[in-house]
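Visitor: Sequence:
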Amino acid sequence: MPMRDLFVAMVKEEWRIHATMAGNLGFGLFPVMIAAFSFMGAWILPLFLEIVPASLLAFIVHAMFALMGVMVGSFGIMGREFMNRRFGQASLIAYSSRSLPLSERTIFATFVAKDVLFYLFLWVIPAVAGIAAAAPFIGMEPAFPLLLLVTFSLSFLEGLAVVFFLSTLYARSPRIAGAILAAGAVAVALASLAGIGPAMLLPPYAFLLAPGILPLAASLALIGIPAAVSIAWATIEYPDAARRYPNSFDGLSDRLSLFSRPWLTAKDALDLRRSEGGIAKIIFSFLMPLGLVWVFLSVLFRFIPGLSPLIVFAVLLGVISSTTYNWLTEFDTFSAYAFLPVDVRTVITGKLQSYGVINLVSLAVLILAAAAAGDAGAVVPAVLAFLSVSAYSLAVTVRLTGLYPSVMLYQVRVFLLYLAAISPALLVLIFVSILDPWYAAGSVVLLPAAWFLLDRAMLRWTAFDMPSY
Numbered sequence: 004m005p006m007r008d009l010f011v012a013m014v015k016e017e018w019r020i021h022a023t024m025a026g027n028l029g030f031g032l033f034p035v036m037i038a039a040f041s042f043m044g045a046w047i048l049p050l051f052l053e054i055v056p057a058s059l060l061a062f063i064v065h066a067m068f069a070l071m072g073v074m075v076g077s078f079g080i081m082g083r084e085f086m087n088r089r090f091g092q093a094s095l096i097a098y099s100s101r102s103l104p105l106s107e108r109t110i111f112a113t114f115v116a117k118d119v120l121f122y123l124f125l126w127v128i129p130a131v132a133g134i135a136a137a138a139p140f141i142g143m144e145p146a147f148p149l150l151l152l153v154t155f156s157l158s159f160l161e162g163l164a165v166v167f168f169l170s171t172l173y174a175r176s177p178r179i180a181g182a183i184l185a186a187g188a189v190a191v192a193l194a195s196l197a198g199i200g201p202a203m204l205l206p207p208y209a210f211l212l213a214p215g216i217l218p219l220a221a222s223l224a225l226i227g228i229p230a231a232v233s234i235a236w237a238t239i240e241y242p243d244a245a246r247r248y249p250n251s252f253d254g255l256s257d258r259l260s261l262f263s264r265p266w267l268t269a270k271d272a273l274d275l276r277r278s279e280g281g282i283a284k285i286i287f288s289f290l291m292p293l294g295l296v297w298v299f300l301s302v303l304f305r306f307i308p309g310l311s312p313l314i315v316f317a318v319l320l321g322v323i324s325s326t327t328y329n330w331l332t333e334f335d336t337f338s339a340y341a342f343l344p345v346d347v348r349t350v351i352t353g354k355l356q357s358y359g360v361i362n363l364v365s366l367a368v369l370i371l372a373a374a375a376a377g378d379a380g381a382v383v384p385a386v387l388a389f390l391s392v393s394a395y396s397l398a399v400t401v402r403l404t405g406l407y408p409s410v411m412l413y414q415v416r417v418f419l420l421y422l423a424a425i426s427p428a429l430l431v432l433i434f435v436s437i438l439d440p441w442y443a444a445g446s447v448v449l450l451p452a453a454w455f456l457l458d459r460a461m462l463r464w465t466a467f468d469m470p471s472y
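Under the numbering used here, think of the first position of the sequence shown as 4, with each following residue one higher.
Do not take every clue at face value.
Unchecked claim - Label pairs and their in silico Cβ distance ranges: (1) 197 <-> 248: 32 to 38 Å; (2) 250 <-> 136: 55 to 61 Å; (3) 43 <-> 191: 50 to 56 Å; (4) 377 <-> 121: 44 to 50 Å; (5) 276 <-> 18: 18 to 24 Å; (6) 197 <-> 16: 25 to 31 Å.
Calculated from the structure, these hints are not laboratory results.
Virtual Cβ for every residue (Gly too), placed ideally from N, Cα, C.
Whole structure, please, built from the sequences with the hints as guidance.
Guide: Right, here's the structure in full:
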């Protein structure tokens, strides 16, 4: 099979996976929605520039595209298991090295090329197209969107390449992968404490500020070297070792007897611990955006000193922590429980209780951040804001997506409703905290709303029949 045919087949496969879950029209409109958001953001850009420096906004956007690359590249850690559990007997071309006369290296290189082009057209190019459409109305130079296309693409590819490298290394040696990830986090933290600017941490952003050979070479090196190592060490098809575990379900259920559904919470805990990547994949997906938030806030507070660092951190932490619910629903569907005497309400309740346990880690992170910040006066409102935002964000997610958040958020209508429900509350909390951090304690009004949304979610998803894949 020529590589061209393999590439085309992989692109069709990627489209069909998303279209099966979100519908052809729903998924096809996703880049249109990205372009529309980008156009509106560029249209009101002059208003933002009166408050926030252009360099800060540019850094935020480039960091977001790097995070998108991280999300796409995470396939290497959980892709095989996700497909096995979510799609049953379906098989991806990426895992067909034993049935096709192609090497793992060839298949993986084609897979990387497919991911690069597919998601550039899904995320990056629509975003730049929206900015280009708004350029004549805001006095932007016609050539500037072309520069943004280069730097946005480089940021996205940087995140993609780094995570492909880490996931490939993880398949070879989880300990080495963890050590490299920890060393990188420490290096970024030390650089931030040393006052090294964000341009040094994100070369594509530096290239935007001052186009030149050095930042371009640094960007290409951060993309090319990890990608080359990933392809050279590619391990897609390897035998699954037989796994045997002692029966710890009963004992764990007894220890979780405080919950109304201890057996479901115990099942979630065992699923996460025994799945590929274990608890580490949750920690990674939690710490990566949290690290970007830390860098973002360290830059933001230089320009807007009136903000309460702890309150803003607590609000954003609440949203990030709510995404761990995705992991609890990632690898199974309700059909797995269909032969048991349980209903959807029971399963969702169990997932919520599991989320409550995991969310204690986020609360501990907030307390550590409060101790490091030394802002004792803002601790109580920060904790209240975190708990309220976390509960509300989770309730919105459950109401809109039920047991299928990673699937249904790709539907344009659902994604827009999610943003419309959460964004106003976050903005209000952040801006009122400028007047007085204690105003953020008013976020407790979100708790009754969260309770109402969860109650409605139980009714909705009990009657919902999710199509099989």
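Visitor: None of the hints should be skipped; say for each whether it holds.
Guide: Status of the hints after comparison with the structure:
1. Separated by about 45 Å at the C-beta atoms, residue 197 and residue 248 break the suggested range of 32 to 38 Å.
2. Checked against the hint of 55 to 61 Å, the pair residue 250 and residue 136 passes, with Cβ atoms roughly 60 Å apart.
3. For residue 43 paired with residue 191, a C-beta distance near 32 Å fails the hint of 50 to 56 Å.
4. Here the CB-CB span from residue 377 to residue 121 is close to 46 Å, well matched to the stated 44 to 50 Å.
5. Distance hint check for residue 276 and residue 18: the Cβ-Cβ separation is about 34 Å, which falls outside the suggested range of 18 to 24 Å.
6. The hint said 25 to 31 Å for the Cβ distance between residue 197 and residue 16, and at roughly 46 Å that hint is violated.
The structure fails to meet hints 1, 3, 5 and 6 from the earlier list, while all remaining hints are met.
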